[in-house]
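Asks: Starting from the known structure of chain A, fit chain B onto it as the hints suggest.
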Amino acid sequence: MFRGFYTVGSGMIAQQRRTEMLSNNIANASTPGYKAEQSSIRAFPEMLMSRLDATRVPTEKGLHFKGLTPVGELSTGVYMQETLPQFAQGQLRETELKTDIALIDGPMDVNEETGIVGTVFFTLAGENGDQYYTRNGNFNVNAEGFLTNPSGLFVLDTAGNRIELPNDDIRITQEGVVFSGDRQVATLGIAYSDEPDTLLKRDNGLFNTADGLALPAGGRYSMQQGYLEDSNVDAARAMTDMLAAYRAFEANQKVLQAYDRSMEKAVNEVGRVN
Amino acid sequence: MIRTMTTAVNTMNQLQHRLDLIGNNLSNVATHGYKATDAKFQELLYQQMNNDKADQAPRRSEDGIRIGVGARIGSLQMNWKVGAVQVTGRPLDFALTAPKQYFNVIRPTDGGEEIIYSRKGNFYVSPTANGQNMLVNDEGLPVADSAGRPIVLAGDATNYHVQPNGVLEVTHPGGTQRIELGITVLEKPDSMVQLSATNFGLPEDMAALGIAANDLLTEMTGVGRSEIGLQNQALETSNVHYEKEMTDLIATQRAYQFNARSVTLADQMLGLINGIR
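In order, the protein sequences belong to chains A and B.
Quick note, this note's numbering runs 10 ahead of the 1-based positions in the first sequence.
Quick note, this note's numbering runs 93 ahead of the 1-based positions in the second sequence.
Hint data in this document are derived by calculation from the structure and do not stem from the laboratory.
Every residue, glycine too, gets a C-beta built ideally from N, C-alpha and C.
Below are the EDC-like pairs computed for lysine to aspartate or glutamate, each with C-alpha atoms no more than 16 angstroms apart in a straight line:
{"id": "1", "chain 1": "A", "residue 1": "K76", "chain 2": "A", "residue 2": "D63"}
{"id": "2", "chain 1": "A", "residue 1": "K108", "chain 2": "A", "residue 2": "D179"}
{"id": "3", "chain 1": "B", "residue 1": "K337", "chain 2": "A", "residue 2": "E106"}
{"id": "4", "chain 1": "B", "residue 1": "K174", "chain 2": "A", "residue 2": "E106"}
{"id": "5", "chain 1": "B", "residue 1": "K174", "chain 2": "B", "residue 2": "D283"}
{"id": "6", "chain 1": "B", "residue 1": "K174", "chain 2": "A", "residue 2": "D179"}
{"id": "7", "chain 1": "B", "residue 1": "K337", "chain 2": "A", "residue 2": "E104"}
{"id": "8", "chain 1": "B", "residue 1": "K174", "chain 2": "A", "residue 2": "E104"}
{"id": "9", "chain 1": "A", "residue 1": "K108", "chain 2": "B", "residue 2": "D283"}
The calculated label-pair distances, taken between Cβ atoms and stated as ranges, are:
{"id": "10", "chain 1": "A", "residue 1": "G72", "chain 2": "B", "residue 2": "G364", "range": "56 to 64 angstroms"}
{"id": "11", "chain 1": "B", "residue 1": "R183", "chain 2": "A", "residue 2": "D213", "range": "45 to 53 angstroms"}
{"id": "12", "chain 1": "B", "residue 1": "L363", "chain 2": "A", "residue 2": "L223", "range": "41 to 49 angstroms"}
Just chain A, same shape as in the assembly (with noise of 0.2 angstroms):
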């Protein structure tokens, strides 16, 4: 059987995936608080191919020894290993909102061993409790005067409380401290996370932990009310990578083509009489 059939099936598989990918960057080009994804495409497992043989020994009988050869390594495809976001910082937008904040990355610590650099989150909490991290600062004060996400999720303090105000006038120090008035209401609890990429991504741009144990405080950072963390997807990029993407997808498709010319010619010629 024609083994590369199917390698080049995974390698048009995989391009798929990452287009797929790549187009959710797009689409997210706008949204606050995103962080782009990037993939890592990896070969199948090798195996190792041997040449299955026999030695013959020159006797008067002839003495016939079975062994194996080996050939090499060969590895029959490739699938998408890894969705990582890249937490890089965003650029700032202004958008007057008193309830919009955006969260600034200060010098975060560098894990030595793995060299990946550490990132700071909102709290946030549903209903029953769970806790969710995000970078999207766009939130408003509800009918029943708690600070929420557009999608209803609590945003959490220090103490991990729901944060009450009176009205959505409020003002926001950089140290994320909430007064209404003169009134100092709550500090804005933030999360520090120093392997960020283990963090499961979610819909409406949280993050939660695999483990669903809460991420502890820290980290260097400030805020800056009345802005917004925009998305740091580079379109420029993204378009550039969907269409390296589009050629490899296409690559693939021609080398299926010449397998299937070539099973074509096994099936109707080899052996044909006339």
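Replies: Below, chain B alone, put in the same frame as chain A:
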């Protein structure tokens, strides 16, 4: 099926809504008392795909890959900053100079009447019975006083003047009439129902939402009335920034184009699949 196409189309649909919104802001750039509204995007669902369960390779993220399916409008928020005050010199034009304060207007409903809120301060007098006049807004709806009643003025009034604390003084040959204008602070304008470009009302399903009217608004009464900011013979212009809206319009249109390009690419990929044989 190829997910690229649906991702791009979902997002294009939402970008279209944003274009509509920008169009509305731009068309109300000259509407007195209009407040600009802005749309913010949010990510749609992420789908977890466990594409190789036997994968033993070292990795940094959790098992599987997560692919998103586009973006949608997450929130529409009104910018309640005060617009520029334009002096008109007309005695019945009033501009509110403090943020979130609104005039009260009486609107007839099916079974009676209700109070709605507007910052549009160009008022008129409309003749009623007994040679008296009623203060109405530009839609002909009666303007309410602090008790929620229509304001009836003497028919032969010669001068209208409003005090900063919201008391309208009407001078007529027989003396001076003093009326407290109804002024309400909309504490959470985003929770109100927008009835027209400048009119707001309370949501109808407040009981279902578990909120009361005083969660959303504060009536200006007693000493609180000293916080009212009112200017005579002037109107508040809209707070739409023309250049911001134009920039957003261009950016949104380009984003739309980018997504349309994704659809084209997905279509060509489907064509390639079709063309395998």
